[in-house]
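Given only the sequences and the hints, what does the whole structure look like? Please build it.
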Amino acid sequence: MSTAKRQSTVPAGPKPPVNFSSTVTIPKDAVLQGTHSITIQSETLIHPRARLDSNLGSILVGRRSIVQERAQIGVEPQNIDAAVPGGVSLGDYVVVEVNAVIEAGGTEIGDGSVVQVGSRIGSGAKIGKDCTIAARATVAPGTVLPDQTVVLSNGQQRADKRLADARKLSTLKQINVVRKMIRNDQDKFK
Amino acid sequence: MSRRQVKGDYIETETGNKVSRKANLLGTQNMVLGGKVVIQPEVMIRGDLVRTAPSSSSSGGTTAPSTTAIQTGRYCFFSKGVVLRPPGRRYKGQFSHMPMRIGHHVFIGQDTVVQAATIGDHVRIGKNCVIGEFAIIKECVEVLDGAVVPPNMVIPNYSIVAGQPARVVGEVPEGGGPEENGLRGLYSTVGNNPQNPDM
Numbered sequence: 014m015s016t017a018k019r020q021s022t023v024p025a026g027p028k029p030p031v032n033f034s035s036t037v038t039i040p041k042d043a044v045l046q047g048t049h050s051i052t053i054q055s056e057t058l059i060h061p062r063a064r065l066d067s068n069l070g071s072i073l074v075g076r077r078s079i080v081q082e083r084a085q086i087g088v089e090p091q092n093i094d095a096a097v098p099g100g101v102s103l104g105d106y107v108v109v110e111v112n113a114v115i116e117a118g119g120t121e122i123g124d125g126s127v128v129q130v131g132s133r134i135g136s137g138a139k140i141g142k143d144c145t146i147a148a149r150a151t152v153a154p155g156t157v158l159p160d161q162t163v164v165l166s167n168g169q170q171r172a173d174k175r176l177a178d179a180r181k182l183s184t185l186k187q188i189n190v191v192r193k194m195i196r197n198d199q200d201k202f203k
Numbered sequence: 002m003s004r005r006q007v008k009g010d011y012i013e014t015e016t017g018n019k020v021s022r023k024a025n026l027l028g029t030q031n032m033v034l035g036g037k038v039v040i041q042p043e044v045m046i047r048g049d050l051v052r053t054a055p056s057s058s059s060s061g062g063t064t065a066p067s068t069t070a071i072q073t074g075r076y077c078f079f080s081k082g083v084v085l086r087p088p089g090r091r092y093k094g095q096f097s098h099m100p101m102r103i104g105h106h107v108f109i110g111q112d113t114v115v116q117a118a119t120i121g122d123h124v125r126i127g128k129n130c131v132i133g134e135f136a137i138i139k140e141c142v143e144v145l146d147g148a149v150v151p152p153n154m155v156i157p158n159y160s161i162v163a164g165q166p167a168r169v170v171g172e173v174p175e176g177g178g179p180e181e182n183g184l185r186g187l188y189s190t191v192g193n194n195p196q197n198p199d200m
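Residue numbers (my numbering), protein chains in the order written: chain A, 14 to 203; chain B, 2 to 200.
In short, the hints are calculated from the structure, not lab data.
Not one of these hints is a red herring.
30 Å max Cα-Cα, derived BS3-like pairs, lysine-lysine:
1. K203/A - K186/A
2. K142/A - K93/B
3. K28/A - K193/A
4. K81/B - K139/B
5. K41/A - K8/B
6. K28/A - K23/B
7. K81/B - K41/A
8. K23/B - K41/A
9. K201/A - K41/A
10. K93/B - K174/A
11. K139/B - K93/B
12. K81/B - K193/A
13. K28/A - K41/A
14. K93/B - K186/A
15. K41/A - K193/A
16. K23/B - K193/A
17. K28/A - K139/A
18. K23/B - K128/B
19. K28/A - K81/B
20. K181/A - K139/A
21. K193/A - K181/A
22. K41/A - K181/A
23. K81/B - K201/A
24. K203/A - K23/B
25. K93/B - K181/A
26. K186/A - K174/A
27. K23/B - K201/A
28. K193/A - K93/B
29. K81/B - K8/B
30. K193/A - K203/A
31. K142/A - K174/A
32. K41/A - K186/A
33. K81/B - K128/B
34. K23/B - K81/B
35. K8/B - K23/B
36. K142/A - K181/A
37. K28/A - K203/A
38. K201/A - K28/A
39. K139/B - K128/B
Below, the structure written as structure tokens:
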């Protein structure tokens with residue numbers, strides 16, 4: 014049995030209501046689904062195959078943030094009993110790297126934080142500003158992290174005393190270069 | 002053996018590369034596959050993230066403006082869910098991606114994310130690994146499952162690395178036969194006319 018036309022993405026459900034700034038870069042193979050609103054603020058960069066799901070609550074992505082390929086924002090919590098209703102809110106200059114998962118349920122990530130490759134942020138976690146969640150680390154649901162915390166892969170935490178401004182500048186420079194490489198297709202989502 | 006779809010699940014190129022139709026390759030014009038490379042479904046390769054820094058033209062040096070983002074050798078095997086992504090950094094005040102070079106006979110396990118600068122020949126990387134940006138993996142290295150190789154790490158020849166963060170935990174035994182590490186055999190077991198692995 015062969016399908017007549019190969020589908021490159023999952024058959025889309027209803028389009029979520031979106032609210033994009035005109036300077037957002039989002040390619041057509043990013044995946045947006047859900048019923049609540051998805052807001053993406055100015056100069057933010059979404060990579061192909063990133064997945065934003067607003068089925069459980071609205072999604073907010075702040076200014077000058079980066080969501081890399083295969084990152085999943087707003088997924089259904091693993092432990093559905095402990096889950097609280099709500100969406101996901103990312104601050105400004107947030108970087109969500111490849112394969113990172115951010116569960117829905119009032120999850121907040123502060124300005125300048127980096128969620129590295131393959132890590133998982135539990136439902137309702139509140140992550141402060143300029144935090145680093147290292148590769149393949151897990152933040153348990155409901156955790157509250159103070160500003161400038163580093164969570165290592167083995168679950169240890171420590172404070173980060175470096176200045177965060179350099180990292181924000183790096184993020185900005187990265188956005189300015191990479192946005193020229195990704196074909197912007199905002200209209201598809203409207 | 003079940004009959005495959007008429008069209009085939011893989012695209013086979015002249016040089017013997019087998020690329021799954023379900024792989025996400027971006028910027029294919031910037032990729033060089035060395036021949037007999039297997040790319041399984043759901044692999045994502047970011048060839049679109051090319052170098053933008055003036056290719057050392059300001060300091061003289063290389064003449065060819067290389068736009069190759071990802072280059073692999075022969076008999077590489079990229080398992081399901083692998084992400085290959087050229088590393089990026091600030092260089093002379095500007096952000097630029099740098100090309101990623103992968104040697105011959107490199108195996109990369111399921112769901113591993115690679116942002117290395119260089120991977121040598123005969124390297125075997127397990128599943129669920131993260132290879133940090135600008136890591137350099139020399140020849141005949143074995144990276145065990147789940148390892149997180151930190152950015153900029155240089156792994157010497159014949160090492161075995163594991164852990165989060167990855168550390169050298171041993172040495173590949175001399176003459177242990179990494180020469181082929183079975184990738185030729187593995188190559189023939191995938192594609193549109195897979196051979197029986199026992200043959």
